[in-house]
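Participant: Next come the chains, spelled out residue by residue.
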Amino acid sequence: MPISRRQLMAAGAGLAAAGGLPTACGSDTGRADGGSGPRLSQWYHQYGEPGTRQAVERYAAAYRKARVRVEWRPGNYDQQTAAALLGSSGPDVFEVNGPTIEQIQGGQVADLTELIKDVKDDFHPAVLAPKTYEGRVWGIPQLVDTQLLYYRKSLLRAAGLRPPATLDALIDAARELTTKRAKGLFLGNDGGASALAGTPLYAAGLSLVTPGGTVGFDEPAAARTLGKLHRLYADKSLLLGAPTDWANPAAFAQGLTAMQWCGLWALPQIAKALGDDFGVLPFPPDGPAGRPAVPVGAWTAAVSARGGHREAAEAFVRWLWIERTDLQKDFALSYGFHIPARASLAATADRLRQGAAAEAVRFTEEHGFAQPLLWTAASQTAYLDALNRVIKEGADPGAQLRAVVRTAGAELRRVQKRR
Amino acid sequence: MGAARPSGAGTRRTRQRNHTLWFWTFVGPFVAGLTLFTYVPLAWSVYLSFFDAHNTVSPTEFTGLGNYTAMLGDGAFRSSLVTFAVFTAFIVPTTYVLALGLALAVNRLRAGRAFFRSVFFLPAACSYVVAAMIWKLSVFNGVRFGLANTVLGWFGAEPVAWLSATDPPWYWLVIVTVRLWLQTGFYMLLFLAGLQRVPVRLYEAAALDGARPGWQTFRHITFPALRATSVAVVLLLVVNAFQAFDEFYNLLSGTRGYPPYARPPLVYLYYTALGQGQDLGLGSAGAVILALVILVVTVVQARWTGLGRTEE
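Line by line, the protein sequences give chains C and F. In this text, residue positions in the first sequence follow the numbering used here: the first is 1, and each later residue adds one. In this text, residue positions in the second sequence follow the numbering used here: the first is 1, and each later residue adds one.
One should not assume that every hint holds.
To be verified - List of simulated lysine to aspartate or glutamate pairs, EDC-like, C-alpha gap at most 20 Å:
hint : chain 1 : residue 1 : chain 2 : residue 2
1    : C       : K329      : C       : D350
2    : C       : K236      : F       : E158
3    : C       : K153      : C       : D168
4    : C       : K117      : C       : E134
5    : C       : K329      : C       : D121
6    : C       : K417      : F       : E61
7    : C       : K272      : C       : D350
8    : C       : K153      : C       : E359
9    : C       : K180      : F       : E158
10   : C       : K236      : C       : D172
11   : C       : K236      : C       : D168
12   : C       : K228      : C       : D168
13   : C       : K236      : F       : E61
14   : C       : K120      : C       : D326
15   : C       : K228      : F       : D167
16   : C       : K417      : F       : D52
17   : C       : K228      : C       : E176
18   : C       : K329      : C       : E365
Hints listed in this document are in silico derivations from the structure and should not be mistaken for laboratory results.
Pulled out of the complex, with its shape left as it was, chain C reads as follows (with noise of 0.2 Å):
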């Protein structure tokens, strides 16, 4: 039967009504039956996990005294909301990895120091130091994310080893493991500096910034220790371009390698691939002074000071991030696997009180860190540049972190000048 361009119109309209019906549903799933009041926007970045964007729209949903809208952003989402906040158009209420000494001392992000008073000593103390400025609080964690040793139970075993409890022995065990299919430590693709950054100056009984706000690795230890990092690739015993990076559990699980640097996110996944067969460690010290580190993140509540409904945004976050304890516990648990950032709910997960999970929450607590909030990109990257050039080039650390230290001089005089 020949088609007439008419009906070929007609269907295609019909086809794209029919395509257009549930899309339209689909992105307002954040208000769907939510509540009156002022419409709110609300960001997060992409969860890998599957149900957690259901579940953030759930919560929105059910809010009564706003219609909030949630975005699911996935990109470079910290550079999004940077950007967004410059104007008046960005979100309402949002998640942020900081919010960064700038977005503060710009005044991009309400202080949210009344929301948080009543149960602020419920949250990890290492995890609200960095939203903290000035003794207001810029920001709601949400929920507390570790990075961990992970290594293989049997073949150290099968080697003679014991797990390391120093930098000097997870040098050495991390070559005894390498073989001809299988490196002994994988710490990213890039040889370690991502993936660790400050955390071996921790390990050396350091920081990347003192209380003071002053440098904290300007000591001769901070070359030691970095420097012998350099060993991990000069002897070969690091997994280098792997198809997926640190952050994912996959080297590990396929038995690409025999330890790998990865977050307490991925101990779900690796449990299912080897069953009981691996344990968690904290980076190991070195040196005299040093100390186990483990680093902590929080994804944070924030609420936009340039949005147009900021009283609105703000009571919808006390109400998601500070009242309603069974959702944030829903929100870390459920979906992910995340430590509660309040210490109340954290004790009351059952997931977390046994094997390695229990000991990971045990690092955080007793060897926890958080990157400083007066840590700054540019400081960061100068670092990360100088920690590159040691691990893969064999460059003097000494010489290399004097640089550094001059920039991060430079950059915590700057944000300590203004107001």
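The hints should help you fit chain F onto chain C, whose structure is shown.
Facilitator: Coordinates of chain F only, in the frame set by chain C:
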């Protein structure tokens, strides 16, 4: 006659008005878009570069040339400019020779010319990001089952961590091959168009004068006749090389940053100033410096090669 003249002038005027109207109907939207999305941001960026513009696009603290001295005093930025000057010096002639060679080969074909033209042009339709991911994840991944390492394995060689190895710097092989694969076909097409415009009579005259086909004809007829195309190709290649971002970023960036080697100036600006850092004054100063470098190179090149000079 006397009556006809003014009416003729009137028609001319109407036609002129119509011309103007149609000119702006077609050109207007384009000019408006160009002004709004290119020239205004450009001017704004130059304006920002003279201010301390942390996390704001309407700064108040004038700093004069402070951002420029800071940027030029930054060793990492200078080194990225030098790296990219070297990269340009390599990638431009290589792409040029390859594209010209392919064009000459395809142009000589008697059968299947359209097929090979399409095959060689096809990669140009692939996105830089997608190509970079394929190169990184399957062709040049560093474990033993990557494509390149599998081939090496047949000869008993150890797997190479292509993107992670700095000694020797194998990452350049990955970067250069992906760029060549992506862009050679496009420039081949430009050369093919150029080749088809070379008058056949020139070749006939040369043959009569006893020029041998092959190198002699190419050297004295084809190559000079392609001058206009060559100049345009080189110009585009140079600008492209300095603006590199996509495949570098997707091949080499990690979760928290970009290694300090093979770092394009734009990637460096993205990490220190224009991304999360939001030091927009400093970043704009860097962008202006980069634009000036491209401008100077282009002007020098145009002078040298006579860009836009009418032929003959």
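Participant: Can you give the numbers of the hints that this structure goes against, from lowest to highest?
Facilitator: When the structure is compared with the hints, only number 13 turns out to be violated.
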